[in-house]
Amino acid sequence: MIPAAFDYIRAHSADEAFAQLQKHGADARVLAGGQSLIPAMRFRLARPSVLVDVNGIGDFDYIRENNGTLCIGATARDVAVERASWIGDRRWSLLHDVSRVVADPVVRQTGTVVGSLCHNDPAGDWTAAALASRASVVVRGKSGPRTVAIDEFLVDSFTTAVSEGEIALEARFPVPDDRSAGSYQKIERKVGDFATAAAAVQLSLNADGTIRTAGVALSAAGPCAVRVEEAERLLVGQKPTADLIRAAAAAAAKKSEPQADLRGSVPYKKNLAGVLVARGLRQALGRLGVTL
Amino acid sequence: MKVTVTVNGTVYERDVQPRTLLAYFLREDCGLTGTHVGCDTSSCGCCVVVLDGNRAVKSCNMFAVQADGHQILTVEGLANGATLHPLQQGFWDQHGLQCGFCTPGMLLTSYALLKDNPNPSEADIREGLSGNLCRCTGYQNIVKAVQQAAGQMREPVSA
Chain Z
1 MIPAAFDYIR AHSADEAFAQ LQKHGADARV LAGGQSLIPA MRFRLARPSV LVDVNGIGDF
61 DYIRENNGTL CIGATARDVA VERASWIGDR RWSLLHDVSR VVADPVVRQT GTVVGSLCHN
121 DPAGDWTAAA LASRASVVVR GKSGPRTVAI DEFLVDSFTT AVSEGEIALE ARFPVPDDRS
181 AGSYQKIERK VGDFATAAAA VQLSLNADGT IRTAGVALSA AGPCAVRVEE AERLLVGQKP
241 TADLIRAAAA AAAKKSEPQA DLRGSVPYKK NLAGVLVARG LRQALGRLGV TL
Chain F
293 MKVTVTVNGT VYERDVQPRT LLAYFLREDC GLTGTHVGCD TSSCGCCVVV LDGNRAVKSC
353 NMFAVQADGH QILTVEGLAN GATLHPLQQG FWDQHGLQCG FCTPGMLLTS YALLKDNPNP
413 SEADIREGLS GNLCRCTGYQ NIVKAVQQAA GQMREPVSA
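Residue numbers (our numbering), protein chains in the order written: chain Z, 1 to 292; chain F, 293 to 451.
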């Protein structure tokens, strides 16, 4: 399977990439890791007539902490997160978990975090993690860069707030406080398959052990990753208990709107969403020294 | 588009369409058919090559134009003359293949794995190769082959 013909433009700077995207508008796509885009082009599900390759832009490839925010550049690979020096810190356990289950280890050497957010696959991993982490994405448009909260960034399946002629420059994850941990729970039939269901959880605790903040999101549970607001609302301010986890899990199962496919039926996947949220909450709490 | 790609130390200058995938460039434009195309959907890992010395990539999921100016290692570049690379010797000694179709991808994925982690555990090897499918061996002997190679590459046996 060979993609339809296209013009290839290698950008050497952010300005050049942006100018090319502005020039070609809806006909152009950004080529970063290409691990979703190229298969989509091969299946002719995507037929851009221009690809703007941003891999040669040196200052797009970074992961750094800046004023309480973890900034991930447009061409930072999944593997760079997996191998980051700080990734063992429990505050980053959600990102650590995700970085080890995205696609397969070879694909992770090329695939990018920002690209995955922009692809916005219904079963994406980084999208759910970004929701639970309350991340944001920096998008450069005609009037300059703007920061888009992830809830507004993820519009619909394969659709984001990045409009024609625009480019996503950076993903931003707030640095969690010391009493924070997360978890990513994913069921897949085999390595590299899309998730049957997946849940991302990020928690922080107050000194008295009550939950200060909670992020709960699902993947493979609708047109794109979805936040479970009711679970978050139930958790915040409460002391973690088995009953509380059950209630949050029930809220997740209710929120899940999966599609039936060879991976499972709708009732199975809805139930699984709840099971995975419960497991994620238990694991995140366990990482904070709370066992239930 | 004109591209210049160094494959196994040899410079290949070719005129390609942007849509030419690296796997087909290697096979059809360079005549290096050791890189296999299995699933054609980036799921099986048969087409893995090593980019710039240490990064395993699925060459059916990358355009040849993206490799312009880069170094590619394919299975043809592993052996040193008549002397097999320790990974190849490991696959030979441990019976790490049967039909051999997945073997080039297994070798190159393992090559990048050992560059990153010269002393992998069995679990590390199984995890590292989890994007490569083999329909013959059941993987056991592939893992043994990589373990043997890792040992030899850490402590080369003097000739």
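Note that these hints are calculated values from the structure, not bench results. You may find that some hints are simply not true.
Said to hold, decoys possible - Derived coverage of chain F by chain Z (criterion: at least 3 residues anywhere in the stretch with Cβ under 8 Å from a Cβ of chain Z; other residues may be distant):
hint, stretch
1, 341 to 350
2, 362 to 376
3, 431 to 444
To be verified - With a straight-line Cα cutoff of 27 Å, these simulated BS3-like cross-link-like pairs (lysine-lysine) come out:
hint, chain 1, residue 1, chain 2, residue 2
4, F, K407, F, K436
5, F, K436, Z, K23
6, Z, K239, Z, K254
7, F, K294, Z, K190
8, Z, K239, F, K436
9, Z, K190, Z, K23
Said to hold, decoys possible - Residues from chain Z that face chain F, not an exhaustive set, calculated with beta carbons under 7 Å:
hint, residue
10, I9
11, P39
12, P105
13, V191
14, F194
A virtual CB, placed ideally from N, CA and C, is assigned to each residue, including glycine.
Query raised in the report: What hint numbers does the structure not satisfy?
Result: 2, 3, 5, 7, 8, 9, 10, 14
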